[in-house]
Amino acid sequence: MTTILPRKDVVIVGLGWTGSILAHELTDQGLDVLAIERGPWRDTATDFNIGYAQDELRYSVRRDLFLQPAVETLTMRNDTSQTALPMRDFGSFLPGNGVGGAGVHWNGHTWRFWDSDFQIKTNLTKRYGAARIADLQVEDWGVTGTEMEPYYDQFEYLAGISGKAGNIKGQIQEGGNPFEDPRSRDYPNPPMEMTYAPTLFANAGRSMGLHPFPTPSANMSRTYVNPLGITMGQCTYCGFCERFGCANYSKSSAQTTILPVLMKKANFEVRTDSEVLHVDLAAGGKSARGVTYVDTSGQEFFQPADLVLLCAYGLHNARLMMLSGIGKIYDPVTGEGTVGRNYCYQTNAGVQVFFDDKNFNPFIAAGALGQTIDDYNGDAFDHGGLDFVGGAGINCIPTNGRPIGTRPTLPGTPKWGSAWKKATVAGYKSTLGFSSQGSSYATRTNYLDLDPTYKDRFGRPLMRMTFDFPDNDIRMSNYLCDRMEEIAKTLGGKQYNVGRRKKGWDSVPYQSTHNTGGAIMGTDPKKSAVNSFLQSWDVPNVFVIGASAFPQNAGKNPTGTVGALAYRAADAIRNQYLRNPGAPLVQA
Amino acid sequence: MKALAASLYASAALLAITPALAADQADQIIRGQYQAVLGDCAGCHTRPGGKPLAGGLPLETPFGALVPPNITPDHETGIGNWSEIDFRNMMKTGVGHDGVRLYPAMPYPAYTRMTEQDISDLWAYLTTVEPVSNKVEVNQLPFPLNIRLSMWGWNLLNFTEASFEADPSKSAEWNRGAYIVQGAGHCGTCHTPKSFLGADQDSSFLQGASLQGWFAPDITNNAQSGLGRWSQEDVVAYLKAGVNAHSIASGPMAEAIENSTSKMTDPDLKAVAVYLKSLGSDTGNAQAPKPDAARMVAGEAIYHDNCSACHGGDGAGAGALFPTLAGNSIVAQGNPETLARVVLAGSQAVHTAGAPTTPSMPSLAWRLKDQEIADVLTYVRGSWGNSAPAVSSEDIAAVRKELVP
Numbered sequence: 001m002t003t004i005l006p007r008k009d010v011v012i013v014g015l016g017w018t019g020s021i022l023a024h025e026l027t028d029q030g031l032d033v034l035a036i037e038r039g040p041w042r043d044t045a046t047d048f049n050i051g052y053a054q055d056e057l058r059y060s061v062r063r064d065l066f067l068q069p070a071v072e073t074l075t076m077r078n079d080t081s082q083t084a085l086p087m088r089d090f091g092s093f094l095p096g097n098g099v100g101g102a103g104v105h106w107n108g109h110t111w112r113f114w115d116s117d118f119q120i121k122t123n124l125t126k127r128y129g130a131a132r133i134a135d136l137q138v139e140d141w142g143v144t145g146t147e148m149e150p151y152y153d154q155f156e157y158l159a160g161i162s163g164k165a166g167n168i169k170g171q172i173q174e175g176g177n178p179f180e181d182p183r184s185r186d187y188p189n190p191p192m193e194m195t196y197a198p199t200l201f202a203n204a205g206r207s208m209g210l211h212p213f214p215t216p217s218a219n220m221s222r223t224y225v226n227p228l229g230i231t232m233g234q235c236t237y238c239g240f241c242e243r244f245g246c247a248n249y250s251k252s253s254a255q256t257t258i259l260p261v262l263m264k265k266a267n268f269e270v271r272t273d274s275e276v277l278h279v280d281l282a283a284g285g286k287s288a289r290g291v292t293y294v295d296t297s298g299q300e301f302f303q304p305a306d307l308v309l310l311c312a313y314g315l316h317n318a319r320l321m322m323l324s325g326i327g328k329i330y331d332p333v334t335g336e337g338t339v340g341r342n343y344c345y346q347t348n349a350g351v352q353v354f355f356d357d358k359n360f361n362p363f364i365a366a367g368a369l370g371q372t373i374d375d376y377n378g379d380a381f382d383h384g385g386l387d388f389v390g391g392a393g394i395n396c397i398p399t400n401g402r403p404i405g406t407r408p409t410l411p412g413t414p415k416w417g418s419a420w421k422k423a424t425v426a427g428y429k430s431t432l433g434f435s436s437q438g439s440s441y442a443t444r445t446n447y448l449d450l451d452p453t454y455k456d457r458f459g460r461p462l463m464r465m466t467f468d469f470p471d472n473d474i475r476m477s478n479y480l481c482d483r484m485e486e487i488a489k490t491l492g493g494k495q496y497n498v499g500r501r502k503k504g505w506d507s508v509p510y511q512s513t514h515n516t517g518g519a520i521m522g523t524d525p526k527k528s529a530v531n532s533f534l535q536s537w538d539v540p541n542v543f544v545i546g547a548s549a550f551p552q553n554a555g556k557n558p559t560g561t562v563g564a565l566a567y568r569a570a571d572a573i574r575n576q577y578l579r580n581p582g583a584p585l586v587q588a
Numbered sequence: 589m590k591a592l593a594a595s596l597y598a599s600a601a602l603l604a605i606t607p608a609l610a611a612d613q614a615d616q617i618i619r620g621q622y623q624a625v626l627g628d629c630a631g632c633h634t635r636p637g638g639k640p641l642a643g644g645l646p647l648e649t650p651f652g653a654l655v656p657p658n659i660t661p662d663h664e665t666g667i668g669n670w671s672e673i674d675f676r677n678m679m680k681t682g683v684g685h686d687g688v689r690l691y692p693a694m695p696y697p698a699y700t701r702m703t704e705q706d707i708s709d710l711w712a713y714l715t716t717v718e719p720v721s722n723k724v725e726v727n728q729l730p731f732p733l734n735i736r737l738s739m740w741g742w743n744l745l746n747f748t749e750a751s752f753e754a755d756p757s758k759s760a761e762w763n764r765g766a767y768i769v770q771g772a773g774h775c776g777t778c779h780t781p782k783s784f785l786g787a788d789q790d791s792s793f794l795q796g797a798s799l800q801g802w803f804a805p806d807i808t809n810n811a812q813s814g815l816g817r818w819s820q821e822d823v824v825a826y827l828k829a830g831v832n833a834h835s836i837a838s839g840p841m842a843e844a845i846e847n848s849t850s851k852m853t854d855p856d857l858k859a860v861a862v863y864l865k866s867l868g869s870d871t872g873n874a875q876a877p878k879p880d881a882a883r884m885v886a887g888e889a890i891y892h893d894n895c896s897a898c899h900g901g902d903g904a905g906a907g908a909l910f911p912t913l914a915g916n917s918i919v920a921q922g923n924p925e926t927l928a929r930v931v932l933a934g935s936q937a938v939h940t941a942g943a944p945t946t947p948s949m950p951s952l953a954w955r956l957k958d959q960e961i962a963d964v965l966t967y968v969r970g971s972w973g974n975s976a977p978a979v980s981s982e983d984i985a986a987v988r989k990e991l992v993p
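Just so you know, the sequences run in chain order A and B.
Quick note: the first sequence uses this note's numbering, first residue 1, plus one each step.
Quick note: the second sequence uses this note's numbering, first residue 589, plus one each step.
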């Protein structure tokens with residue numbers, strides 16, 4: 001028995017970064033907005049209480065803030081010859097849960113993608129010829145770097161990013177990233193105080209002619225008041241960012257940048273612990289009527305709405321589209337269908353350098369406190385003589401020195417016992433790590449669809465992930481590992497260890513929660529699920545906001561681009577869509 | 589003239605309203621709405637999230653619970669059957685429609701100083717509020733206090749109908765401030781200590797009082813416990829935004845700021861500041877005895893482990909987010925009740941347009957023992973220029989018992 005509720009102007013599925021941004025913008029427009037959030041309400045003082053927020057066992061090992069697989073999981077396989085099996089524990093990636101979403105427990109690296117990332121197919125074809133990307137399914141985004149700039153700026157000022165501009169209106173800035181696109185102004189906050197390991201790393205890079213700069217960080221370098229009037233506190237460098245909520249209002253999240261204002265608005269409401277089962281379409285399937293959701297008692301509700309915004313985690317956005325019949329599910333055999341297409345990830349690798357005579361005090365840290373070298377990222381370097389496209393940011397960002405997880409040891413050390421204990425004592429203070437955050441480019445055979453066998457607790461099919469690292473990306477990662485090895489040698493130390501990325505993606509060890517694609521943006525409705533304003537081609541009163549819209553992933557963390565796309569979608573809804581609701585903003 | 593205006597208004601509903609009359613009436617309603625802001629009617633008479641003025645949450649008085657009634661114009665459950673004269677008499681004397689005697693939880697001992705015009709305006713406004721049917725059982729006091737006639741005796745002992753007496757030797761601004769503070773603003777209802785009968789002790793006017801589990805601080809110009817170290821602009825900023833360099837409002841004052849003072853006009857806030865800054869003598873040199881050194885050492889260690897991440901190693905805090913503890917007026921009160929409460933139960937800061945962040949102090953009741961809280965508060969009260977008396981574990985235990993009966 002489904003209870004039919006009073007109509008709302010807008011219903012938002014998921015109250016994380018994008019849901020909060022859209023809710024704030026559209027309530028400012030005067031619309032009556034409801035957000036439906038699967039997980040619980042989360043608030044700094046009660047949920048990230050200073051007295052227990054840094055409980056490594058609870059939050060990092062037992063992953064208290066994350067989505068539990070019993071609520072929703074997916075099946076995985078490396079290629080179509082295999083039978084996918086359910087991930088019964090999340091490992092390689094850890095989706096968020098509850099108000100604030102994964103934005104609660106991120107590290108805070110906040111990047112801008114470049115124009116060469118957005119116009120990637122055009123750019124690579126022009127520069128290296130179509131044959132170079134024949135094995136890939138890379139696509140242009142349908143936006144330019146110039147078009148995205150104001151929205152990046154808006155997100156960075158909302159979130160109080162600490163950093164150093166490298167290019168202001170075409171003028172290269174000393175100490176910033178010289179490879180970035182022009183920005184209209186500097187970051188709202190200066191870079192954080194640098195710790196020892198990134199300082200050494202930057203010195204080594206500089207001595208090699210590379211261009212290190214402070215990683216743009218959503219950990220506050222000073223007290224900051226954002227454009228909504230909300231104050232954030234200076235980061236204490238406690239080293240409990242990733243997997244943790246911040247107890248000090250020092251890490252940007254919906255909680256620390258938007259919700260205090262949003263929650264006081266009379267035309268906004270959130271219903272937590274309520275899971276949207278699907279979007280309900282009108283007869284003919286060309287418009288959405290609202291959503292059906294279920295609360296924790298099992299009671300089902302139909303929430304009518306004029307506009308439906310899917311603002312869940314990217315993977316969940318794609319699955320909700322599949323379960324609702326919005327767009328056609330991608331088929332890798334025919335190449336037809338758009339939902340589930342161009343699933344991408346992140347191609348990472350890491351290096352450790354062991355010293356005898358250094359003390360890095362690794363417990364003085366923050367999630368995005370470090371230095372980055374972008375000389376080998378994206379298309380910043382010439383791939384003419386190389387056998388791959390793409391690249392990686394090389395990051396020395398020692399995010400923490402937490403006692404359970406931080407146990408670096410020399411290769412060959414026993415995994416347990418007194419020799420291991422002795423080695424961890426020696427290694428804890430004196431090991432420097434850095435890593436490559438590599439691009440992940442789409443192929444025809446990396447995709448998402450619905451699993452034919454496994455179902456969730458409501459009897460709906462799980463989503464199936466078919467993914468392995470493309471050969472192009474492995475070649476890219478190896479090239480980056482060679483470059484990182486050069487940096488390791490320059491750093492000195494008694495020994496170093498390079499962990500190279502290999503084919504055969506393994507869903508068990510943690511790698512990255514940068515799952516992208518599945519509902520990608522673009523200019524061609526045959527190849528993309530949403531237009532460049534993230535409006536569904538098939539059901540125009542549905543917008544799908546998040547990293548699900550990335551046609552492929554760059555060598556950077558996605559949150560900055562997710563935030564900018566959310567602001568761009570909000571702008572399009574406010575200033576274009578509402579003039580003629582229900583109509584497509586781009587003619588197919 | 590006033591009577592004429594009132595009778596014109598009373599008949600306006602029956603007659604065709606001329607444009608001029610409608611404009612006058614609209615002006616009066618707008619003025620009355622501002623009186624409702626000054627008087628913070630909503631603070632007591634509106635339940636959080638509830639319909640405006642349709643009845644509030646129980647007030648826990650030392651004598652028992654009283655529930656603020658429905659004051660919308662609903663005929664059955666509100667004040668729809670009252671006349672303007674009934675309302676005027678209630679505000680002036682505490683005796684309402686049909687001779688019902690109010691309890692002084694309704695601050696008629698302050699409202700009695702309001703002018704006839706302001707009361708008339710307020711009435712005009714209240715008649716325009718949406719009528720809401722909501723029956724409120726006001727009187728939940730024990731015998732014999734539940735007999736309203738007992739208030740006859742209370743009034744005899746404690747109450748005199750009065751009008752505000754302007755002091756011609758003071759500026760118009762000072763007098764306006766005095767009128768708001770003593771009258772509609774009813775600041776003394778919380779901030780003035782009470783006799784055992786619950787009446788204001790006029791000799792200690794606004795020097796701080798305990799009620800509903802909070803200690804409403806001294807708001808005279810005393811340099812140690814009061815506003816002596818606040819500038820006039822500090823007082824205005826606090827009342828307008830809930831935040832200034834010395835404090836961030838939470839608890840009952842946060843509600844008063846959200847509903848009332850943040851909506852007052854800037855000239856009125858300045859007038860209030862001028863008046864408060866003129867009260868009391870600047871007796872800031874009285875130093876509490878130096879606390880026991882061992883307790884200071886213990887308190888400092890607890891402070892650095894539990895408090896310094898937000899409030900800073902030097903107690904300086906951070907702007908509108910984490911209140912400074914150095915020179916903080918809550919820290920400086922002789923009575924540590926609010927301080928203990930905030931550490932035990934946590935507290936959320938006020939929300940205003942000027943300070944929308946609403947940061948929260950987390951509860952540390954589960955983490956710190958009474959003696960530890962007493963030590964850390966003793967340290968805070970004796971550091972960075974603070975010199976408030978030491979806190980005992982019994983002080984903390986008493987508040988803990990109140991919070992978890």
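Hints in this document: simulated from the structure, not taken from any laboratory.
Cβ atoms here follow ideal geometry from the backbone N, Cα and C, with glycine treated the same way.
Worth double-checking, as some hints may not be accurate.
Unchecked claim - Quick look at which bits of chain B chain A covers, simulated, 3 or more residues with Cβ under 8 Å:
#1 804–818
#2 903–909
#3 924–932
Unchecked claim - Estimated spans, in silico, between C-beta atoms of each pair:
#4 A:Pro190 with B:Gly801: 54 to 62 Å
#5 A:Pro6 with B:Ala614: 31 to 39 Å
#6 A:Thr523 with B:Ala941: 38 to 46 Å
#7 A:Trp420 with B:Gly801: 37 to 45 Å
Now the hints, each set against the structure:
Here the region 804–818 of chain B counts 0 residues with a CB under 8 Å from a CB of chain A, which misses the bar of 3, and the coverage is violated. Coverage of the region 903–909 of chain B by chain A holds [criterion: at least 3 residues with CB-CB distance below 8 Å; count 4]. Using a Cβ-Cβ cut-off of 8 Å, 0 residues of the region 924–932 of chain B lie near chain A, which falls short of the minimum of three, so the contact claim is violated. A C-beta distance of roughly 43 Å is found between proline 190 of chain A and glycine 801 of chain B, which places it outside the suggested range of 54 to 62 Å.
Taking the beta carbon of each, proline 6 of chain A and alanine 614 of chain B are about 33 Å apart, inside 31 to 39 Å as hinted. Remark: the range hint 38 to 46 Å for threonine 523 of chain A to alanine 941 of chain B is upheld by a beta-carbon distance near 43 Å. Range check, tryptophan 420 of chain A to glycine 801 of chain B: about 53 Å between beta-carbon atoms, so the 37 to 45 Å window is missed.
Hints 1, 3, 4, 7, counting from the list given before, are not met by this structure.
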